Amino acid sequence: MKTFDELKKDWQGQSQPEVPQDGPNRIIEKITFLKMGQRITNIILSITALLLIGFFFYVAAYNYRTVTMGLFLMVGALTVRIVLEAISIRNIKKMDVTEDAVVFRQRLLSYYKQRQKVHYLVTPIVILAYCIGFLMLLPSFKASLSAGFYTYIVVSSMVLLLVLGLFIIKQIRKELSLLRELKD
Amino acid sequence: MTEKASQFEAIYRANYHKVVRICEGYVNGDGPLANDLTQEVFIKVWEHLHTFRNESNISTWVYRITVNTCLLELRKKKYTKASAHLERIAEAEEDLTSTKENQLQRMHNCINKLPKESRSIILLELEGLPQIEIAKIIGVSHEAIRVRVHRIKQGLTKCVQHENIR
Numbered sequence: 001m002k003t004f005d006e007l008k009k010d011w012q013g014q015s016q017p018e019v020p021q022d023g024p025n026r027i028i029e030k031i032t033f034l035k036m037g038q039r040i041t042n043i044i045l046s047i048t049a050l051l052l053i054g055f056f057f058y059v060a061a062y063n064y065r066t067v068t069m070g071l072f073l074m075v076g077a078l079t080v081r082i083v084l085e086a087i088s089i090r091n092i093k094k095m096d097v098t099e100d101a102v103v104f105r106q107r108l109l110s111y112y113k114q115r116q117k118v119h120y121l122v123t124p125i126v127i128l129a130y131c132i133g134f135l136m137l138l139p140s141f142k143a144s145l146s147a148g149f150y151t152y153i154v155v156s157s158m159v160l161l162l163v164l165g166l167f168i169i170k171q172i173r174k175e176l177s178l179l180r181e182l183k184d
Numbered sequence: 185m186t187e188k189a190s191q192f193e194a195i196y197r198a199n200y201h202k203v204v205r206i207c208e209g210y211v212n213g214d215g216p217l218a219n220d221l222t223q224e225v226f227i228k229v230w231e232h233l234h235t236f237r238n239e240s241n242i243s244t245w246v247y248r249i250t251v252n253t254c255l256l257e258l259r260k261k262k263y264t265k266a267s268a269h270l271e272r273i274a275e276a277e278e279d280l281t282s283t284k285e286n287q288l289q290r291m292h293n294c295i296n297k298l299p300k301e302s303r304s305i306i307l308l309e310l311e312g313l314p315q316i317e318i319a320k321i322i323g324v325s326h327e328a329i330r331v332r333v334h335r336i337k338q339g340l341t342k343c344v345q346h347e348n349i350r
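Which chain is which? The protein sequence lines are A and B, in order. Residue 1 is where the first sequence starts when you use my numbering, and the numbers rise one by one after that. Residue 185 is where the second sequence starts when you use my numbering, and the numbers rise one by one after that.
Simulated from the structure, these hints should not be mistaken for lab results. Small disclaimer: the values here were computed from a predicted structure and weren't measured. Some hints could be false.
[As the list claims (entries may be wrong)] Only pairs whose alpha carbons sit at most 25 angstroms apart, straight line, appear in this in silico BS3-like list of lysine-lysine:
| no. | chain 1 | residue 1 | chain 2 | residue 2 |
| --- | --- | --- | --- | --- |
| 1 | B | Lys300 | A | Lys113 |
| 2 | A | Lys9 | B | Lys300 |
| 3 | A | Lys35 | B | Lys300 |
| 4 | A | Lys93 | B | Lys228 |
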């Protein structure tokens, strides 16, 4: 029967690997790499947005009210979701890890509670807007596309919606379990 | 080498082992995952080094970052898989010839059962930090930490004595 002090001694006496010689340099290199990655992500998002706007004008979608509305709802829904995710990622990255653990835990709890609000309120509205937008586009798709391609678009969007839905449900369940763990 | 880089290197070398062990405590003793967490901790140390105001001991400051970063990073998928490590160990339990290794795994298993805050407290206590420092890291009074450490110590000792990894 070991006492706590004996356990503590064993804990401190466990074998340890050598301190990596190039460890500090590797960390500084990784930070530079991460910053470059963030810049690349921003560039890709900006190019995507520009392409979507360009496509809108290219097909002269503004001449067709229903198409315009449909595209607006779809792109708008996606944009809202992307912006909310970006804000969320920025907020968690900005969290001050030098605060004491009790304060930090409270901030983390508020963060996840805020995320729950987004998941339960904003996400269903975003998905609904996206679906309405898509349904509005269907008549023009049917008029201008072959029957085969039209069926392909309808089926593939249903699959996409299902996959996206499952992904979001998984994410919500994971965050709920994190919230429960933080509360205990 | 810049002044910041040399200061960082000194902090890294002085605190590396303790940070690794604390991180191991959050991922059931899984070495590779603990190394990843350690790297995240030192990235945060580098990023916040300019905010350190010598109001506390630098190691206290580093351990505070360690505890918070571990809590923050555990949301990532790879860290939630840490329990798989315990299963692997349980399967290979017969191969663990050293009783000491076995006991360390039991400790990790017991620590893993604790609520997050108690886990942080006991990991810092196991590293031999004075309770006043632990109180500063966690953000509660010295008296409250003294009571909680006593309670967690008793629970952990009992758990290690009676708990099997399986």
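Hint check results:
1. Our distance criterion of 25 angstroms between C-alpha atoms is met by Lys300/B and Lys113/A, whose separation comes to about 18 angstroms.
2. Among the hinted pairs, Lys9/A with Lys300/B is consistent with the structure: their alpha-carbon atoms are about 23 angstroms apart, no more than 25 angstroms.
3. For the hint linking Lys35/A to Lys300/B, the alpha-carbon distance of about 31 angstroms lies beyond 25 angstroms, and the restraint is violated.
4. Proposed proximity of Lys93/A and Lys228/B is supported: the alpha carbons are some 10 angstroms apart, at most 25 angstroms.
When each numbered hint is compared with the structure, a violation occurs for hint 3 only.
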